[in-house]
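Model the full structure from these sequences, guided by the hints.
Going down the list, the protein sequences come from chains Y and E.
Oh and the first sequence: position 44 is 44 in the numbering used here, straight run, nothing missing.
Oh and the second sequence: position 243 is 243 in the numbering used here, straight run, nothing missing.
It is possible that some hints are incorrect.
[What the hints assert, rightly or not] Short, incomplete list of chain Y residues facing chain E, as computed with Cβ under 8 Å:
hint : residue
1    : Gly6
2    : Val72
3    : His73
4    : Arg126
5    : Gly131
[Stated by the list, open to error] Some chain E residues well away from chain Y (every beta-carbon gap over 12 Å; in silico):
hint : residue
6    : Leu34
7    : Lys70
8    : Val76
9    : Gly78
10   : Ser97
11   : Asn111
12   : Leu113
13   : Gln150
14   : Gln152
15   : Asp162
16   : Ser164
17   : Thr171
18   : Val195
19   : Gly198
20   : Ser258
21   : Pro291
No lab work stands behind these hints: they were computed from the structure.
Predicted model only: the values in this text are computed from it and were never measured.
Ideal placement from N, C-alpha and C gives every residue a C-beta, glycine not left out.
Now for the letters of each chain:
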Amino acid sequence: MIMRSGQQLLLPANPVFIGFSLIAALLLDMLPLGRVPWMPDFLALVLVFWAVHQPLRVGIGLAFVFGLVVDVHQASLLGQHALSYTALSFFAAMIHRRLLWFTVPSQALQVLPLFAVAHGLELLIRMIGGGIFPGWIMLLAPLAESLLWPVVSVLLLAPQRRAPDRDENRPL
Amino acid sequence: MTLGTLDRSPPPFFKQGPSALSKLMLFSTLSLFLMVADTRFHLIQPVRAVLATVLYPVQWLALQPVHALKNSSDYVSGLNQAQSDSEQAGRKLALQSLRAGQVEQLTQENNRLRQLLALREQLTASVMAAEVLYEAADPYTRKVIIGKGQIQSVELGSPVLDESGVLGQVTRVHPLVSEVTLVVDRDLVIPVLNVRTGERSVAYGDPAALGSGMELRFMGSNSDVQPGDLLTTSGIDGVYPAGLPVAKISRIERRPESTFAKIYCVPLALVNGARHVIVVKPVSGQMPPRPDAAAPSVPAPKRASK
Numbered sequence: 001m002i003m004r005s006g007q008q009l010l011l012p013a014n015p016v017f018i019g020f021s022l023i024a025a026l027l028l029d030m031l032p033l034g035r036v037p038w039m040p041d042f043l044a045l046v047l048v049f050w051a052v053h054q055p056l057r058v059g060i061g062l063a064f065v066f067g068l069v070v071d072v073h074q075a076s077l078l079g080q081h082a083l084s085y086t087a088l089s090f091f092a093a094m095i096h097r098r099l100l101w102f103t104v105p106s107q108a109l110q111v112l113p114l115f116a117v118a119h120g121l122e123l124l125i126r127m128i129g130g131g132i133f134p135g136w137i138m139l140l141a142p143l144a145e146s147l148l149w150p151v152v153s154v155l156l157l158a159p160q161r162r163a164p165d166r167d168e169n170r171p172l
Numbered sequence: 001m002t003l004g005t006l007d008r009s010p011p012p013f014f015k016q017g018p019s020a021l022s023k024l025m026l027f028s029t030l031s032l033f034l035m036v037a038d039t040r041f042h043l044i045q046p047v048r049a050v051l052a053t054v055l056y057p058v059q060w061l062a063l064q065p066v067h068a069l070k071n072s073s074d075y076v077s078g079l080n081q082a083q084s085d086s087e088q089a090g091r092k093l094a095l096q097s098l099r100a101g102q103v104e105q106l107t108q109e110n111n112r113l114r115q116l117l118a119l120r121e122q123l124t125a126s127v128m129a130a131e132v133l134y135e136a137a138d139p140y141t142r143k144v145i146i147g148k149g150q151i152q153s154v155e156l157g158s159p160v161l162d163e164s165g166v167l168g169q170v171t172r173v174h175p176l177v178s179e180v181t182l183v184v185d186r187d188l189v190i191p192v193l194n195v196r197t198g199e200r201s202v203a204y205g206d207p208a209a210l211g212s213g214m215e216l217r218f219m220g221s222n223s224d225v226q227p228g229d230l231l232t233t234s235g236i237d238g239v240y241p242a243g244l245p246v247a248k249i250s251r252i253e254r255r256p257e258s259t260f261a262k263i264y265c266v267p268l269a270l271v272n273g274a275r276h277v278i279v280v281k282p283v284s285g286q287m288p289p290r291p292d293a294a295a296p297s298v299p300a301p302k303r304a305s306k
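Printed below as a string of structure tokens:
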């Protein structure tokens, strides 16, 4: 296994946990908080995270399906989120070998363009389709998503950082 | 060290499946196709309905914490609020009871007069109450989702009202939920009548105006409108019953260089916070049939000039 020096060896990822985290992110996105253009898209974040960390398990197809689900929930154009999530996970697949060599804060900086492209794609489609411009405050959304990257990295890797052999001092 | 510590399955070297680029092409083509089919040809409604129905339990789950929070805050807000509310409601009721008595008498009188004049009966609309589940998070439109659908026989195009005015129109019907486009959405147009002058016009949603507003377009710059005028539905569109309050005119800009005045209106319905709404059956089913278009009266041919 090739990895950065000084890194902890991780346990294998549990597919059930991956699925659970995706569903939880979808639920977070579905909270009826109204129309908030700067709200970070948690599902996009988690999709990119797993596309980088587990590229064999979470890929473009899954991202497309989740995009359709989000489209139906938000009553937006069917295919809008599907397209942006597809592009997002494609770019994540492009950078996944490089990204993990960086420290977590610089990883956050490296995924910022990805989220910006995804939101820009959605904006472009909706402007062509004749939607309302939601205001410049929506520029905060990709920023918020990349700021959440370190948080998500800690949370979603926590099960893989458990002790391989439990004892009294390390019960988890 | 136990065996399950590391991921020991080797990564597949040769069986990689289709490349990322080809997957990207496939899925982006598919989503572009879906988008075109959705906007231009309206082919996708069954897919959407199926997905929406499958998604309903998940949505219900996501709604619970927020509803619980709202309910508990209502509970905590307590006695004072409830007392003032009931006092207000009582006052309103007293005012309305006077009016209701008058209406009774006026309706009777109106009926008799109409019979005398052999006019058509006024259209009556059947209604259904519904609850707003959530506001659509899509920032590019203004929609809400209500908790009644095809199963409760919501019809496409039904007007939706809240307690103070017209809120919007049902634009998509799923089996269990429906989408309502609000009057402030850019794509919604509603024919209105200025109550003061009796002039008919058309109000457009105008979300670009600060917050959420509407705009009365194509009114001449010398037209008789004043700030504070009440606009109600005119009832000539075959969708909205006549006489429902829609908006109040808030500001008028008359520009010397333009033929039309810029007229801004504020919708009367709570477009940002309606919780309970009424879905009205569109009146188009009750309208009399159109006059036969096949046999237009042929105007007498003009004489050729000598």
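Point to revise | Those earlier numbered hints the structure runs against, lowest number first | key: 1, 6, 7, 17
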